[in-house]
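Undergrad: Hey, can you work out the whole structure from these sequences and the hints?
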Amino acid sequence: MSSTTLDQLACAQVLGRLFQRLDSFDYPGVAEQFSQSCEWHRQGKVLKSHADIIAALHLRPRHLFVQHILHDVVCDPIDDMRMSGFAYMSVFRKEFDSPPKIPLPAERPDMLISWKAEFERQGDRWRIKHLSNTALYR
Numbered sequence: 050m051s052s053t054t055l056d057q058l059a060c061a062q063v064l065g066r067l068f069q070r071l072d073s074f075d076y077p078g079v080a081e082q083f084s085q086s087c088e089w090h091r092q093g094k095v096l097k098s099h100a101d102i103i104a105a106l107h108l109r110p111r112h113l114f115v116q117h118i119l120h121d122v123v124c125d126p127i128d129d130m131r132m133s134g135f136a137y138m139s140v141f142r143k144e145f146d147s148p149p150k151i152p153l154p155a156e157r158p159d160m161l162i163s164w165k166a167e168f169e170r171q172g173d174r175w176r177i178k179h180l181s182n183t184a185l186y187r
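Quick note on numbering: this note's numbering labels position 8 of the sequence shown as 57, and the sequence is numbered without any gaps.
Everything labelled a hint here was simulated from the structure, so no lab data went into it.
All C-beta atoms in this analysis are idealised placements derived from N, C-alpha and C, irrespective of residue type, glycine included.
Watch out, some of these pointers could steer you wrong.
Think about it this way: if two alpha-carbon atoms lie no more than 25 Å apart in a straight line, the pair counts; the simulated DMTMM-like pairs of lysine to aspartate or glutamate are [said to hold, decoys possible]: (1) Lys165 / Glu88; (2) Lys165 / Asp129; (3) Lys94 / Asp129; (4) Lys165 / Asp125; (5) Lys97 / Asp75; (6) Lys150 / Glu81; (7) Lys94 / Glu169; (8) Lys165 / Glu81; (9) Lys97 / Glu169; (10) Lys97 / Glu81; (11) Lys97 / Glu167; (12) Lys143 / Asp56; (13) Lys94 / Glu81; (14) Lys94 / Asp159; (15) Lys94 / Glu144; (16) Lys165 / Asp75; (17) Lys143 / Asp159; (18) Lys97 / Asp173; (19) Lys143 / Glu156; (20) Lys97 / Asp125; (21) Lys143 / Asp75; (22) Lys94 / Asp75.
Pairwise CB distance ranges (calculated) [unchecked claim]: (23) Asp129 / Gln85: 16 to 22 Å; (24) Pro154 / His120: 18 to 24 Å; (25) Gln116 / Arg174: 24 to 30 Å; (26) Ser51 / Leu153: 39 to 45 Å; (27) Ser51 / Glu156: 37 to 43 Å; (28) Asp72 / Asp146: 18 to 24 Å.
TA: The structure is reproduced here in structure tokens:
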């Protein structure tokens, strides 16, 4: 595998890791996927640091059950230190008064979202520098 292919895979993994950690309420783990000087456009706000990310995520209801299903991830090199990314995401979302019993009844996704990302290489890791989305269906 070429180094470009490995870098593309690494960036796709960063996106996957971000949403897996978000769904499991691991907010420091979410923040780790971003560079220190990041820009995450999330729900009408711009989060610019790990502290901003963690503080915003702690506002989420504790009994919110969300599954972010990331698909069609494409990452392309900009230069040796930066990569662009695009993905679609299906979102399943339910709020409960207490932790839900799994499995939940099957339903259609609540949203389909497109994501745009820019990654930057930091040492031997890739991190998200910029992340934004557009809701395509609600």
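Undergrad: None of the hints should be skipped; say for each whether it holds.
TA: Quick rundown of the hints versus the structure:
{"no.": "1", "hint": "Lys165 / Glu88", "result": "holds (12 Å)"}
{"no.": "2", "hint": "Lys165 / Asp129", "result": "holds (19 Å)"}
{"no.": "3", "hint": "Lys94 / Asp129", "result": "violated (30 Å)"}
{"no.": "4", "hint": "Lys165 / Asp125", "result": "holds (12 Å)"}
{"no.": "5", "hint": "Lys97 / Asp75", "result": "holds (18 Å)"}
{"no.": "6", "hint": "Lys150 / Glu81", "result": "violated (30 Å)"}
{"no.": "7", "hint": "Lys94 / Glu169", "result": "holds (22 Å)"}
{"no.": "8", "hint": "Lys165 / Glu81", "result": "holds (18 Å)"}
{"no.": "9", "hint": "Lys97 / Glu169", "result": "holds (15 Å)"}
{"no.": "10", "hint": "Lys97 / Glu81", "result": "holds (13 Å)"}
{"no.": "11", "hint": "Lys97 / Glu167", "result": "holds (14 Å)"}
{"no.": "12", "hint": "Lys143 / Asp56", "result": "violated (35 Å)"}
{"no.": "13", "hint": "Lys94 / Glu81", "result": "holds (19 Å)"}
{"no.": "14", "hint": "Lys94 / Asp159", "result": "holds (21 Å)"}
{"no.": "15", "hint": "Lys94 / Glu144", "result": "holds (22 Å)"}
{"no.": "16", "hint": "Lys165 / Asp75", "result": "holds (22 Å)"}
{"no.": "17", "hint": "Lys143 / Asp159", "result": "holds (9 Å)"}
{"no.": "18", "hint": "Lys97 / Asp173", "result": "holds (22 Å)"}
{"no.": "19", "hint": "Lys143 / Glu156", "result": "holds (11 Å)"}
{"no.": "20", "hint": "Lys97 / Asp125", "result": "holds (24 Å)"}
{"no.": "21", "hint": "Lys143 / Asp75", "result": "holds (18 Å)"}
{"no.": "22", "hint": "Lys94 / Asp75", "result": "holds (20 Å)"}
{"no.": "23", "hint": "Asp129 / Gln85: 16 to 22 Å", "result": "holds (20 Å)"}
{"no.": "24", "hint": "Pro154 / His120: 18 to 24 Å", "result": "holds (22 Å)"}
{"no.": "25", "hint": "Gln116 / Arg174: 24 to 30 Å", "result": "holds (26 Å)"}
{"no.": "26", "hint": "Ser51 / Leu153: 39 to 45 Å", "result": "holds (41 Å)"}
{"no.": "27", "hint": "Ser51 / Glu156: 37 to 43 Å", "result": "holds (41 Å)"}
{"no.": "28", "hint": "Asp72 / Asp146: 18 to 24 Å", "result": "holds (19 Å)"}
Hints 3, 6 and 12 from the earlier list are contradicted by this structure; the remaining hints agree with it.
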